[in-house]
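K.L.:
In this text, residue positions in the sequence shown follow our numbering: the first is 5, and each later residue adds one.
One should not assume that every hint holds.
[To be verified] Calculated lysine-lysine pairs in the DSS-like style (CA-CA distance at most 25 Å, straight line): (1) Lys63 - Lys106; (2) Lys63 - Lys85; (3) Lys225 - Lys245; (4) Lys225 - Lys182; (5) Lys165 - Lys206; (6) Lys206 - Lys218; (7) Lys214 - Lys204; (8) Lys165 - Lys182.
[As the list claims (entries may be wrong)] Derived DEER-like restraints, expressed as beta-carbon distance ranges: (9) Glu219 - Met147: 31 to 41 Å; (10) Ser282 - Leu46: 40 to 50 Å; (11) Ile113 - Val295: 39 to 49 Å; (12) Lys66 - Glu158: 23 to 33 Å; (13) Leu256 - Glu62: 35 to 45 Å; (14) Ser166 - Thr109: 40 to 50 Å; (15) Ser47 - Glu211: 21 to 31 Å; (16) Leu46 - Asn205: 44 to 54 Å; (17) Asp207 - Glu62: 28 to 38 Å; (18) Thr108 - Phe78: 16 to 26 Å; (19) Glu211 - Gln42: 31 to 41 Å; (20) Glu158 - Glu211: 16 to 26 Å; (21) Gln188 - Glu158: 22 to 32 Å.
For the record, the hints were derived by calculation from the structure and aren't laboratory data.
As the structure is a computational prediction, the values presented were derived from the model and not from experiment.
Beta carbons are placed, not taken as given, at the ideal position from N, Cα and C, and that holds for glycine.
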Amino acid sequence: MARDSKSKETKRHGGLGRGIEALFEDEPQIEEAEEEIQDLALSEIRPNPYQPRRNFDEKTLKELADSIKENGVFQPIIVRKSVNGYEIIAGERRCRASKIAKKTTVPAIVRAFTESQMMEVAVLENLQREDLTPLEEAQAYDMLQKNLGLTQEEVSKRMGKSRPYIANYLRLLTLPNKTKHLLQHGDLSMGQARTLLGLKNKDKIDEVAKQVVKEGMPVRKVEALVAKLNSQKTHKKAVQKSAFIKASEHRLADKLGSNVNISESKKGSGRLAISFSSVDELNRILDILGVDLDE
């Protein structure tokens, strides 16, 4: 059981771009003494302040605790020394499970990490485990951007993800709070939530999200509902969009990480509208389109 728990925690170590060791190639190099494993008092250890996960599955924690009772902790946690005690860099689940198992100490390696390294390891370790909710993942990318002053392009390179992938997650943070709650607790899927972002009347998102959850709508049905609601006020004047136009809107939105609207006239001409909420987002879209304003 302990070996299985350990493998679940590390199974994606090589699957996210460059891996933890390569994240810090731009950071000042830290002279490390020969590392030794110490038994630290659990009472002196605090969670990583940059931990993106808010929910820890109680069932899997209990399973890990049972394993620790039987076999101990196979893989030491990693911490850094703080003013009072230690802060976890990696291994919060093992700490929590050890407490459940009534342990008083946990094996640990102490390392001298910077704030930015603490943050990136916390995000990457959790992404490797694939158990962050979409909203937690979005908040993690947002934290990296704001606290480290990174652009979306820089976040995508550090995390080994495409820029549209990062942009689509960050868009989830613009959802209203009630809809975020549904997404966080798994009532609403990533696909459903992204589709709801296409509603022109943002005040209706919470209401429609509740309806989507109640009726268990698949994403395609949500898309149809959003399209219907968006056309209600202007359906008499608007030209019915072809399947090609709808598909083009969807693919462009995925590519640019922004809402896209294509209007088509009866004569075959039309208008392409790309939404953005800030100058930085506009610059990001221009970069994707290959538009250089300095030329």
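K.L.:
All the hints need checking, so say for each whether the structure fits it.
P.N.:
Each hint, compared with the structure:
no., hint, result
1, Lys63 - Lys106, "holds, 17 Å"
2, Lys63 - Lys85, "violated, 31 Å"
3, Lys225 - Lys245, "holds, 17 Å"
4, Lys225 - Lys182, "holds, 21 Å"
5, Lys165 - Lys206, "violated, 29 Å"
6, Lys206 - Lys218, "holds, 20 Å"
7, Lys214 - Lys204, "holds, 17 Å"
8, Lys165 - Lys182, "violated, 28 Å"
9, Glu219 - Met147: 31 to 41 Å, "holds, 34 Å"
10, Ser282 - Leu46: 40 to 50 Å, "holds, 44 Å"
11, Ile113 - Val295: 39 to 49 Å, "holds, 48 Å"
12, Lys66 - Glu158: 23 to 33 Å, "violated, 39 Å"
13, Leu256 - Glu62: 35 to 45 Å, "holds, 42 Å"
14, Ser166 - Thr109: 40 to 50 Å, "holds, 43 Å"
15, Ser47 - Glu211: 21 to 31 Å, "violated, 47 Å"
16, Leu46 - Asn205: 44 to 54 Å, "holds, 50 Å"
17, Asp207 - Glu62: 28 to 38 Å, "holds, 36 Å"
18, Thr108 - Phe78: 16 to 26 Å, "holds, 18 Å"
19, Glu211 - Gln42: 31 to 41 Å, "violated, 54 Å"
20, Glu158 - Glu211: 16 to 26 Å, "violated, 37 Å"
21, Gln188 - Glu158: 22 to 32 Å, "holds, 26 Å"
Going through the hint list in order, the structure does not satisfy hints 2, 5, 8, 12, 15, 19, 20.
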